[in-house]
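Undergrad: Construct all of the structure, not just a fragment, from the sequences and the given hints.
What follows is each chain in one-letter form.
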Amino acid sequence: MRVALFATCLGDTMFPAAPKATVQVLERLGCEVEFPAAQTCCGQMHTNTGYRKQAKSSVRTFVDAFAGYDAVVAPSGSCVASVRHQHAMVADGDRKLGRAVAEVAPRVHELSEFLMDVLGVTDVGAYFPHRVTYHPTCHSARLLRVGDRPLRLLRAVRSLELVELPAAEQCCGFGGTFALKNPDVSVAMGADKARHVRETDAEVLCAGDNSCLMHIGGLLSRQRSGIRVMHLAEILASAEGADR
Amino acid sequence: MPAFPQAAKQELANSQLRHNLANATSTIRHKRAEVVGELDDWAQLREAGAAIKSHTLSNLDTYLERFEEAVTAAGGTVHWARDAAEANRIVVDLVRATGEREVVKVKSMATQEIELNEALQDAGIDAWETDLAELIVQLGHDTPSHILVPAIHRNRAEIREIFQQEMGKVGTPAPADLTDEPARLAEAARRHLREKFLRAKVAVSGANFAVAETGSLVVVESEGNGRMCLTLPETLISVVGIEKLVPRWQDLEVFLQLLPRSSTGERMNPYTSTWTGVTPGDGPQSFHVVLLDNGRTNALADEIGRQALRCIRCSACLNVCPVYERTGGHAYGSVYPGPIGAVLTPQLRGTTSEVDKALPYASSLCGACYDVCPVAINIPDLLVHLRTRVVEEHRGWQSKPMDALMSMASWVLGDSRRLAAAQKVASLSRRVIGRKGTIGRLPPPLSRWTDARDAPAPAEETFRTWWERNRGSDSR
Ligand code: SF4
Chain A
1 MRVALFATCL GDTMFPAAPK ATVQVLERLG CEVEFPAAQT CCGQMHTNTG
51 YRKQAKSSVR TFVDAFAGYD AVVAPSGSCV ASVRHQHAMV ADGDRKLGRA
101 VAEVAPRVHE LSEFLMDVLG VTDVGAYFPH RVTYHPTCHS ARLLRVGDRP
151 LRLLRAVRSL ELVELPAAEQ CCGFGGTFAL KNPDVSVAMG ADKARHVRET
201 DAEVLCAGDN SCLMHIGGLL SRQRSGIRVM HLAEILASAE GADR
Chain B
1 MPAFPQAAKQ ELANSQLRHN LANATSTIRH KRAEVVGELD DWAQLREAGA
51 AIKSHTLSNL DTYLERFEEA VTAAGGTVHW ARDAAEANRI VVDLVRATGE
101 REVVKVKSMA TQEIELNEAL QDAGIDAWET DLAELIVQLG HDTPSHILVP
151 AIHRNRAEIR EIFQQEMGKV GTPAPADLTD EPARLAEAAR RHLREKFLRA
201 KVAVSGANFA VAETGSLVVV ESEGNGRMCL TLPETLISVV GIEKLVPRWQ
251 DLEVFLQLLP RSSTGERMNP YTSTWTGVTP GDGPQSFHVV LLDNGRTNAL
301 ADEIGRQALR CIRCSACLNV CPVYERTGGH AYGSVYPGPI GAVLTPQLRG
351 TTSEVDKALP YASSLCGACY DVCPVAINIP DLLVHLRTRV VEEHRGWQSK
401 PMDALMSMAS WVLGDSRRLA AAQKVASLSR RVIGRKGTIG RLPPPLSRWT
451 DARDAPAPAE ETFRTWWERN RGSDSR
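Here the protein sequences line up with chains A and B, keeping their order.
For the first sequence, my numbering assigns the number 1 to the initial residue and increments by one for each residue that follows.
For the second sequence, my numbering assigns the number 1 to the initial residue and increments by one for each residue that follows.
Treat the hints as calculated values from the structure; they're not laboratory data.
It is possible that some hints are incorrect.
Over 12 Å on every C-beta distance to chain A, these chain B residues come out as not near it, computed from the model [as the list claims (entries may be wrong)]:
no., residue
1, V36
2, A50
3, R66
4, R160
5, E253
6, T276
7, A299
Partial chain B-side listing against chain A, Cβ under 8 Å, derived [what the hints assert, rightly or not]:
no., residue
8, Y361
9, L365
10, R387
11, V390
12, V391
13, A409
14, S410
15, G414
16, R453
17, P456
18, E461
19, T462
The following label-pair restraints were derived from C-beta to C-beta distances [stated by the list, open to error]:
no., chain 1, residue 1, chain 2, residue 2, range
20, B, T231, A, A102, 56 to 62 Å
21, A, P106, B, Q44, 22 to 28 Å
22, B, D40, A, R95, 39 to 45 Å
23, A, R95, B, L442, 38 to 44 Å
24, A, A67, B, S447, 37 to 43 Å
25, B, E47, A, G147, 20 to 26 Å
26, A, A102, B, G37, 45 to 51 Å
27, B, V35, A, R95, 44 to 50 Å
Note that CB positions come from ideal geometry on N, CA and C, so glycine has one too.
TA: Encoded structure:
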């Protein structure tokens with residue numbers, strides 16, 4: 001199967017391990033992965049902050065880059081939610097862009113959805129001998145309704161010990177520019193999330209969104225907790241004998 | 001009143017408040033989830049609730065006229081109020097006409113919104129709140145911080161304090177040996193209020209629903225104090241937002257299931273009072289409805305924003321909101337706090353003040369509010385919609401750095417070559433700023449991130465470069 005990877009701007013620039021791992025997992029499962037080089041960003045940061053006009057260039061770039069692919073996969077629930085849910089909002093009034101969005105958006109999948117719903121795979125052949133807890137990010141959980149897909153994928157990883165995160169469904173407080181516009185509330189929410197993560201005694205906090213992990217991880221790191229944050233794709237890419 | 005970010009910061013420093021709120025909201029959250037889970041047809045009920053309200057709002061002119069006819073036919077009088085000042089004037093004049101100097105009140109958001117108590121006070125009329133939580137707030141010279149549980153920010157010990165110090169100044173004092181047991185506190189409130197109920201000749205209420213076909217008003221409450229207000233006095237004045245209408249009596253079937261489960265996590269609320277006009281020899285003999293606009297037609301004019309008027313004030317969205325849970329209601333600077341306040345208030349009041357401009361941003365867009373809303377108001381989408389309005393109406397308003405950041409980011413992200421160039425700069429900066437892969441402090445506005453969180457340094461090699469190095473620039 002020919003699959004286009006949407007690395008996301010954050011994944012591309014700050015956290016390349018996640019898109020790299022996504023490529024590894026997809027290729028291991030027999031997909032032919034392409035990286036349309038014209039891609040940039042989903043435009044979510046602009047849309048969500050109220051800069052809808054400025055989001056338009058990103059949306060246009062996105063539909064141009066991914067037009068014509070049967071499937072697009074991204075290691076970010078929140079960016080996929082933005083594509084599926086907000087691109088039409090941004091295109092509002094622009095008929096041509098609106099049509100392009102309607103063409104592309106339904107073919108864009110979050111990683112866990114793609115693995116389970118499209119490829120029909122739960123066991124991706126990963127090996128990760130560590131204690132892991134999982135944070136369901138709000139946009140994966142509430143906008144995409146990925147449900148327990150990530151948990152089922154993690155449970156199928158050999159030697160991985162999955163521990164439940166208390167109050168898992170509560171928002172971590174990242175919220176895009178919310179973290180800058182309301183830093184005190186954002187940190188208060190993140191601090192509770194970080195406390196719950198520490199309570200699990202996990203070595204690794206896993207999630208499907210690097211943005212939320214950047215926020216929670218930033219707090220865990222400031223607290224010198226020693227807990228690593230990893231994207232779901234990175235864990236699924238780990239294999240016996242591979243380094244890490 | 002400072003805007004949300006600053007107000008929130010102050011409230012966050014109050015650890016007692018955070019503790020009280022976390023306890024109260026988590027208890028009620030769980031109760032709600034349980035009783036909602038009992039109904040197999042919750043999704044359909046919710047759809048029905050949303051549909052009835054949407055339909056009513058789209059035909060509001062018709063239903064308002066029908067309501068006025070029905071009220072008049074039943075012996076009541078309808079008054080129309082464009083704004084708070086007009087509504088207050090109408091109520092003050094009505095009370096004055098009775099010759100009375102005090103009124104009892106059943107908890108009402110509409111009268112809080114127009115600050116009726118203050119207007120009455122200025123006219124030399126005392127208004128006594130009779131809802132237990134409202135009484136606590138009033139005696140404590142405080143303002144409500146929750147739609148349904150106005151004193152949610154207070155704990156039992158604080159309430160005992162307030163009762164002992166304040167009740168005696170305005171009526172029957174609290175017993176000297178008052179403890180902070182809930183039953184004892186309720187008893188003190190009951191004794192204090194009884195005197196007021198038995199004396200009052202005029203009552204002021206709001207309404208949860210107004211039925212167009214019959215001209216009936218409905219008040220839903222837990223304590224029975226509302227019922228006392230609605231039945232004992234000779235004159236009843238109800239101040240009702242025009243969005244409270246439902247077309248038919250039959251529609252109550254839907255809302256009387258949705259409301260108690262969503263609000264208090266009860267299957268049925270303890271007291272549901274309905275009244276229609278006047279009945280000779282039974283209850284108030286003079287009845288007035290003040291239909292309040294106060295910004296509602298502005299909201300109605302906004303096709304997307306309009307859905308906020310479906311709200312039945314159940315407060316479920318407050319109780320699940322992680323932002324509300326940490327800041328409490330006062331930080332929102334509005335009688336409607338929490339997620340619904342953040343979308344309703346800027347529509348009612350406009351977005352000119354600093355407080356109102358900041359409200360659509362007082363959310364992390366986690367979406368928990370939309371999930372629980374019994375009339376399916378898409379609060380996260382509305383927040384985004386209103387943020388767009390704020391940005392378009394007030395370019396450069398609060399945060400020049402944010403505007404600059406957004407414009408720059410938009411330019412960079414509009415084209416992959418520009419993004420790749422920016423990534424090169426970012427990767428280089430890593431050598432300067434991030435020795436261990438994390439960044440200590442960044443300049444404003446990014447300092448708002450790094451003050452409390454480490455930030456990752458940009459990757460040494462972007463994904464894009466890695467891909468080109470390993471796979472070549474194949475596809476397009
Ligand atoms: S917005 Fe919905 S959940 Fe919130 S108070 Fe109104 S009806 Fe209840």
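Undergrad: The structure should be examined with respect to each hint, and the outcome stated for every one.
TA: Hints, verified against the model:
V36 of chain B, annotated as away from the interface, keeps every beta carbon of chain A farther than 12 Å; the closest lies near 15 Å. The beta carbon of A50 of chain B is kept farther than 12 Å from every beta carbon of chain A, the shortest such distance being approximately 18 Å. The Cβ of R66 of chain B lies farther than 12 Å from every Cβ of chain A, with a closest approach of about 35 Å, so its non-interface assignment holds. With 12 Å as the threshold on Cβ separation, the claim that R160 of chain B sits away from chain A holds: the shortest Cβ distance comes to roughly 29 Å.
Interface exclusion of E253 of chain B from chain A stands, the closest Cβ pair being 29 Å apart, more than 12 Å. No Cβ of chain A approaches the Cβ of T276 of chain B within 12 Å, the least distance being about 42 Å, so the stated non-interface status holds. The beta carbon of A299 of chain B sits about 18 Å from the closest Cβ of chain A, which is more than 12 Å, so the claim that it is off the interface holds. The closest approach between the C-beta of Y361 of chain B and any C-beta of chain A is roughly 5 Å, which is under the 8 Å cut-off, so the hint is satisfied.
This hint holds: L365 of chain B has a C-beta 6 Å from the nearest C-beta of chain A, less than the 8 Å allowed. For R387 of chain B, the shortest C-beta to C-beta distance to chain A is roughly 3 Å, which falls under 8 Å, so the interface hint holds. The interface hint given for V390 of chain B is met, as the beta carbon of that residue sits about 6 Å from the closest beta carbon of chain A, less than 8 Å. For V391 of chain B, the shortest C-beta to C-beta distance to chain A is roughly 4 Å, which falls under 8 Å, so the interface hint holds.
Given the 8 Å rule on beta carbons, the hint for A409 of chain B holds: about 7 Å separates it from the nearest Cβ of chain A. The interface hint given for S410 of chain B is met, as the beta carbon of that residue sits about 4 Å from the closest beta carbon of chain A, less than 8 Å. Annotation: G414 of chain B was flagged as interfacial toward chain A, and the flag holds, the nearest CB pair being 3 Å apart, inside 8 Å. Below 8 Å, beta-carbon pairs count as interface contacts, and R453 of chain B has one with chain A at about 3 Å; its hint therefore holds.
Restraint check, P456 of chain B versus chain A: the minimum CB separation of about 6 Å is within 8 Å; hint holds. Interface restraint check: E461 of chain B against chain A, minimum CB-CB distance 7 Å, threshold 8 Å, status holds. Look at T462 of chain B: its Cβ gets to within about 5 Å of chain A, closer than 8 Å, so that hint holds up. Checked against the hint of 56 to 62 Å, the C-beta distance between T231 of chain B and A102 of chain A comes to roughly 57 Å, which is consistent with it.
Restraint check, P106 of chain A to Q44 of chain B: a C-beta distance of roughly 26 Å satisfies the suggested window 22 to 28 Å. Our hint of 39 to 45 Å for D40 of chain B and R95 of chain A holds, since their Cβ atoms are close to 42 Å apart. Against the hinted window of 38 to 44 Å, the Cβ-Cβ separation of R95 of chain A and L442 of chain B comes to about 41 Å, which satisfies the hint. A67 of chain A and S447 of chain B have their C-beta atoms about 40 Å apart, which keeps the hinted 37 to 43 Å range intact.
Roughly 21 Å separates the CB atoms of E47 of chain B and G147 of chain A, a value that falls within the hinted 20 to 26 Å. Range check, A102 of chain A to G37 of chain B: Cβ separation about 36 Å, and the 45 to 51 Å hint is violated. One distance hint, 44 to 50 Å for the beta-carbon pair V35 of chain B and R95 of chain A, holds here, with the actual separation near 46 Å.
In this structure, only the earlier hint numbered 26 is contradicted, and the remaining ones agree with it.
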